[in-house]
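*Asks:* These protein sequences, in sequence, are chains Z and S. Counting in UniProt numbering, the first sequence runs from 1 upward without gaps. Counting in UniProt numbering, the second sequence runs from 1 upward without gaps.
Some hints could be false.
Distance windows between CB atoms, simulated [stated by the list, open to error]:
{"#": "1", "chain 1": "S", "residue 1": "D216", "chain 2": "Z", "residue 2": "F342", "range": "55 to 61 Å"}
{"#": "2", "chain 1": "S", "residue 1": "K186", "chain 2": "Z", "residue 2": "F420", "range": "28 to 34 Å"}
{"#": "3", "chain 1": "Z", "residue 1": "F420", "chain 2": "S", "residue 2": "D216", "range": "49 to 55 Å"}
{"#": "4", "chain 1": "Z", "residue 1": "E716", "chain 2": "S", "residue 2": "R128", "range": "32 to 38 Å"}
{"#": "5", "chain 1": "Z", "residue 1": "E690", "chain 2": "S", "residue 2": "G144", "range": "24 to 30 Å"}
{"#": "6", "chain 1": "Z", "residue 1": "S419", "chain 2": "S", "residue 2": "E117", "range": "30 to 36 Å"}
Sample of chain Z residues facing chain S (criterion: CB under 7 Å; computed from the structure) [what the hints assert, rightly or not]:
{"#": "7", "residue": "V698"}
{"#": "8", "residue": "V701"}
{"#": "9", "residue": "L702"}
{"#": "10", "residue": "G703"}
Here are the simulated DSSO-like pairs of lysine-lysine, each with C-alpha atoms no more than 27 Å apart in a straight line [claimed, not checked]:
{"#": "11", "chain 1": "S", "residue 1": "K73", "chain 2": "Z", "residue 2": "K694"}
{"#": "12", "chain 1": "S", "residue 1": "K82", "chain 2": "Z", "residue 2": "K775"}
{"#": "13", "chain 1": "Z", "residue 1": "K715", "chain 2": "S", "residue 2": "K119"}
{"#": "14", "chain 1": "Z", "residue 1": "K694", "chain 2": "S", "residue 2": "K189"}
{"#": "15", "chain 1": "Z", "residue 1": "K110", "chain 2": "Z", "residue 2": "K181"}
{"#": "16", "chain 1": "S", "residue 1": "K186", "chain 2": "S", "residue 2": "K203"}
{"#": "17", "chain 1": "Z", "residue 1": "K227", "chain 2": "Z", "residue 2": "K124"}
{"#": "18", "chain 1": "S", "residue 1": "K186", "chain 2": "Z", "residue 2": "K694"}
{"#": "19", "chain 1": "S", "residue 1": "K186", "chain 2": "Z", "residue 2": "K783"}
{"#": "20", "chain 1": "Z", "residue 1": "K783", "chain 2": "S", "residue 2": "K75"}
{"#": "21", "chain 1": "S", "residue 1": "K135", "chain 2": "S", "residue 2": "K119"}
{"#": "22", "chain 1": "Z", "residue 1": "K175", "chain 2": "Z", "residue 2": "K110"}
{"#": "23", "chain 1": "S", "residue 1": "K186", "chain 2": "S", "residue 2": "K159"}
{"#": "24", "chain 1": "Z", "residue 1": "K715", "chain 2": "S", "residue 2": "K135"}
{"#": "25", "chain 1": "S", "residue 1": "K73", "chain 2": "Z", "residue 2": "K775"}
{"#": "26", "chain 1": "Z", "residue 1": "K715", "chain 2": "S", "residue 2": "K82"}
{"#": "27", "chain 1": "S", "residue 1": "K114", "chain 2": "Z", "residue 2": "K715"}
{"#": "28", "chain 1": "S", "residue 1": "K119", "chain 2": "Z", "residue 2": "K783"}
{"#": "29", "chain 1": "S", "residue 1": "K159", "chain 2": "Z", "residue 2": "K694"}
{"#": "30", "chain 1": "Z", "residue 1": "K252", "chain 2": "Z", "residue 2": "K274"}
{"#": "31", "chain 1": "S", "residue 1": "K17", "chain 2": "Z", "residue 2": "K783"}
{"#": "32", "chain 1": "S", "residue 1": "K75", "chain 2": "Z", "residue 2": "K715"}
{"#": "33", "chain 1": "Z", "residue 1": "K783", "chain 2": "S", "residue 2": "K114"}
{"#": "34", "chain 1": "Z", "residue 1": "K17", "chain 2": "Z", "residue 2": "K3"}
{"#": "35", "chain 1": "Z", "residue 1": "K532", "chain 2": "Z", "residue 2": "K636"}
{"#": "36", "chain 1": "Z", "residue 1": "K694", "chain 2": "S", "residue 2": "K75"}
{"#": "37", "chain 1": "Z", "residue 1": "K17", "chain 2": "Z", "residue 2": "K423"}
{"#": "38", "chain 1": "Z", "residue 1": "K589", "chain 2": "Z", "residue 2": "K17"}
{"#": "39", "chain 1": "Z", "residue 1": "K124", "chain 2": "Z", "residue 2": "K135"}
{"#": "40", "chain 1": "Z", "residue 1": "K694", "chain 2": "S", "residue 2": "K161"}
Honestly, the hints are just simulated from the structure, not real lab data. Ideal placement from N, C-alpha and C gives every residue a C-beta, glycine not left out.
Chain by chain, the residues:
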Amino acid sequence: MFKNYLKIAWRSLLTNKVYSLLNILGLAVGMATALLIGVWVVNEYSYDRFLPGYETAYQVKRNFNSNGDTLTFASTSLKLADALRQVPGIEYVAETDNGKAHGLAVANTKLSAEGFQAGSDFLKIFQFPLLQGNKDAALTETYSIVLTESIAKALFGNKNAVGQMVRIDNLNNLKVTGILKDLPLNSSFKFKYIIPFSYFETVDGGVKAARTQSFGANGFAEFVKLKDGVEAAKVSTRIKDIEKAEDNLNAKNSDVILQPLADWHLYGTYTNGKALGGFIDYVRMFSVIGILVLVIACINFVNLTTARSEKRAREVGIRKAIGSVRKQLIFQFLTESALLTFLSFMVSLALVQLAMPYFNSLTGTTLTLPYGNPLFWLVTLSCVAITGILAGSRPAFYLSSFNPVKVLKGTMQVGKSASFSRKSLVVIQFSCSIALIISTIIIYQQIQHARNRPTGYSVNMLLSTVVSNDMAQHYEALKNDLLQSGLVNSVTSATSPATGVYWHSDLDNFPGKQPGETVEMGTILTDAGYFKTLGMQFKEGSNFTGNIAADTNSVILNEAAVKRLRLKQPVGQSVKQFGRNMQIVGVVKDALMDSPFAAADPTTFYYGSGSFLMYRLSPNANPHTAVEKIGAIFNKYNPGNPYTYTFADADYASKFNLEVLVGKLSGIFAALAIFISCLGLFGLAAYIAEQRTKEVGVRKVLGATVAQIWLLLSKEFILLVLISSVIASPIALYLLNNWLQKYSYRISVGPGVFMLAAIAALAITLVTISFQSIKAALSNPIKSLRSE
Amino acid sequence: MLSLQHISKYYQAGGNKTFVLNDINLEVDEGEFVSIMGPSGSGKSTLLNVIGMLDEPSEGYHYFVNQPVHQLKEKQRSALYKQYIGFVFQAYHLIDELTVYENIETPLIYQDVKGSERKAMVADMLDRFQMVGKKDLFPAQLSGGQQQLVGIARALIAKPKLILADEPTGNLNSKQGEEIMELFRKLNKEDGVTIIQVTHSEKNAEYGSRIINLLDGRIESSKKF
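Chain Z extracted, bound-state conformation (with noise of 0.2 Å):
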């Protein structure tokens, strides 16, 4: 029986060959969309999953309470790591910096590489698996270096590498003590290399000094291990209060809290001290697209099928004349349906193994099918299973339904009393892709919205190279160096690339301060070129002079600052930091150098150096060429490191990256769903052309021309797409309203996007549909008249 189902299911297929390819074209797309999504965010769930023991393994963080808002900080200080230690329920502690890069050298090989100094117990808690060295005693020693495998060949080729000297920074000789695996890509950690803290406290003398500290000395990373079968909330009780006892307004107002491993790379944002987004809303945006994307193309097979029927009545009325009772037609019509899902999966494999490269290089992962992994398969299957059922009972029901004898004699109507919810169907298609193609639209306005913002500065043929140890000590005559070389217009060093502000310090005092308030202000250590390289403007006052004793008790503020500290006369006035007066001297007119999405961070610039040297090049001066020479000047000066350099404007185009994904993967999935559901529409349209033949006919003979059959025949689609973007507008605009709320500086969405994603759709659907109507309205009346 089940043989002789599949003969007529494969017959079936092979009779309706244009039927048959839209319906395994449009599902195996939309299979291959679903398929691609799902390895993708199987692949988000993933990440530090791998790690033995993740389950207990945490960072340390704190809420802050900023004056009733609560802030969450990652940055920690060297006490609390300490107290923590004391603390019933915790294993281990680690504390890191976090992560620079530094200067490698073997002989004379010399690179730059990402690394992380952390303590001693940092590969207990996070085991990744070393190839040589133990975890007890590998960052043990203080002048030692556990290095990833590629690392390690690079630097010493296929040598052995444990036990041999590493040169760090120019500085000092380090023993490889270990050979880490290299990090998997889902690892959040992406060190090349971990140096033990304790040489960090050996040669940076503030680190040292940080031990001794107070809480609020913060400016660590912090990971605790909790002992096995420990409540984590246990734990967090205790440690909630451990910074309160201390006097400090700072601690006073810090919540310690713990992020499990597992959550930290999909929750990264914090609302109200709680981490409740992140990376997941973007995972749970793809899965339910990817879901939606399946599901239009299950309702092509729905009303391609039940459109169909017209043509499958009299089969149906032949079966049930001759016995066949109901259920075996709808097991009959089951079994066609899971054959076509089935052929449409294979041909989905085909195209997930073809987009894969591009999606791979598009979203920066290295993702493929696990073809050997038995649970993908059992996964896939069962989805194929569901998807056949599902796609497969409407019509499987409908057609089954039909009275013999009705079906027989042609007194029945078939496929008209389906034709409401074939509609439906098809406004559901429609609603998911306008709502698609409106996202698309919304989210390259706000980005195009925040890139031509006015950033306040100049990012463009600025550069920014990290300082090492022997750049600090030959600072001057770096600096003059290139300032003469004519290729560079102005140097500066600060403790921020110009993209960024990576300290954040709570103002001692200021004129007007409440008592127990607390103002975060973005802290940037530099010098009188900072303005001039960066490109920013004064408002009022005066640069840095340039004479290091009066700098020092000088500050500059911007306006965001100003703004913050409600200070009507700023220039003159003093507040007090780092336990000194400073007095501002200047304010400068606010730049974005943090977020482009948020109000400018409000900075302070005290008089300093820092780790980020930036050099503008001169106007006339060719990128390419001039960063040779410059490379040149600073190997003179920079022995131990190959000399690194990033451009600000690239720096501060990737700040758009996840935005920029965002919407090229809506974009995609856009294009993709109004795909699949033309393809069913043009299935659709050449039904209903069929169908009204006769009428077509009669009206060509009454005198219609052909503009006025492509009218009759296109008029319905044309209202159902208009009611599919009535209902999908104001879905889309409730939707990607949340999401802009994530952004400060956004866009007001206004009708033209609905108008534009309503006229778009349509465009498409009449391009779609048209090839049928035209055909319709050219065909020759005769033919479709002849009275039988």
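With chain Z held as given, fit chain S onto it using these hints.
*Replies:* Frame of chain Z; chain S shown alone:
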């Protein structure tokens, strides 16, 4: 009114031409009532379609109200057709989705007649065919004879000079058929409408003023009464 000269229609089948119409010469004057008869496959319907410009002959000359149809462009032909010709089918070919009223109105829409004028014309026609009470019914709710009446009303609404009827009574019982024929005769006599009908029935053919017998695509005989 119309003149066919050496009209042939054939299909190329291998090396042979299969003639559907073979060298037809036919003159029809205004006010005539012509019945075309002949066995199945003799080319009756094709001849009617050629006259109605729904089909094109392979060769020959076709004049309609002194215009050379064989030289006209599609657009001119359709204008000519819209103005002068009304069609009545054996299977009625009413549009199932439209009511009686709307079916009759449709040709006027295609001739860009204004809404108010259309209303008056359709009302007139409904009145004349005594179908005012049925104007909101759909074709499926009518008997065959009533449907054909609607079909004729629709053919007449644009005031054609020529009505082409392809076995108009073929699907009707004899009483209904008689009524339709009486109607045709009345239209022909009182309104001066030229009628060309294809029919199998001797009796119906005799309503006409001329009977043309076709056989294998040729005019075998033509007799006037």
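*Asks:* All the hints need checking, so say for each whether the structure fits it.
*Replies:* Verification of the hints:
no.: 1; hint: D216(S) / F342(Z): 55 to 61 Å; verdict: 56 Å, holds
no.: 2; hint: K186(S) / F420(Z): 28 to 34 Å; verdict: 45 Å, violated
no.: 3; hint: F420(Z) / D216(S): 49 to 55 Å; verdict: 51 Å, holds
no.: 4; hint: E716(Z) / R128(S): 32 to 38 Å; verdict: 34 Å, holds
no.: 5; hint: E690(Z) / G144(S): 24 to 30 Å; verdict: 26 Å, holds
no.: 6; hint: S419(Z) / E117(S): 30 to 36 Å; verdict: 34 Å, holds
no.: 7; hint: V698; verdict: 5 Å, holds
no.: 8; hint: V701; verdict: 5 Å, holds
no.: 9; hint: L702; verdict: 4 Å, holds
no.: 10; hint: G703; verdict: 4 Å, holds
no.: 11; hint: K73(S) / K694(Z); verdict: 25 Å, holds
no.: 12; hint: K82(S) / K775(Z); verdict: 22 Å, holds
no.: 13; hint: K715(Z) / K119(S); verdict: 24 Å, holds
no.: 14; hint: K694(Z) / K189(S); verdict: 33 Å, violated
no.: 15; hint: K110(Z) / K181(Z); verdict: 21 Å, holds
no.: 16; hint: K186(S) / K203(S); verdict: 17 Å, holds
no.: 17; hint: K227(Z) / K124(Z); verdict: 12 Å, holds
no.: 18; hint: K186(S) / K694(Z); verdict: 30 Å, violated
no.: 19; hint: K186(S) / K783(Z); verdict: 32 Å, violated
no.: 20; hint: K783(Z) / K75(S); verdict: 20 Å, holds
no.: 21; hint: K135(S) / K119(S); verdict: 12 Å, holds
no.: 22; hint: K175(Z) / K110(Z); verdict: 16 Å, holds
no.: 23; hint: K186(S) / K159(S); verdict: 15 Å, holds
no.: 24; hint: K715(Z) / K135(S); verdict: 25 Å, holds
no.: 25; hint: K73(S) / K775(Z); verdict: 20 Å, holds
no.: 26; hint: K715(Z) / K82(S); verdict: 24 Å, holds
no.: 27; hint: K114(S) / K715(Z); verdict: 22 Å, holds
no.: 28; hint: K119(S) / K783(Z); verdict: 32 Å, violated
no.: 29; hint: K159(S) / K694(Z); verdict: 24 Å, holds
no.: 30; hint: K252(Z) / K274(Z); verdict: 19 Å, holds
no.: 31; hint: K17(S) / K783(Z); verdict: 21 Å, holds
no.: 32; hint: K75(S) / K715(Z); verdict: 24 Å, holds
no.: 33; hint: K783(Z) / K114(S); verdict: 32 Å, violated
no.: 34; hint: K17(Z) / K3(Z); verdict: 21 Å, holds
no.: 35; hint: K532(Z) / K636(Z); verdict: 26 Å, holds
no.: 36; hint: K694(Z) / K75(S); verdict: 22 Å, holds
no.: 37; hint: K17(Z) / K423(Z); verdict: 24 Å, holds
no.: 38; hint: K589(Z) / K17(Z); verdict: 68 Å, violated
no.: 39; hint: K124(Z) / K135(Z); verdict: 6 Å, holds
no.: 40; hint: K694(Z) / K161(S); verdict: 25 Å, holds
Checked against the numbered hints above, the structure violates hints 2, 14, 18, 19, 28, 33, 38; every other hint is satisfied.
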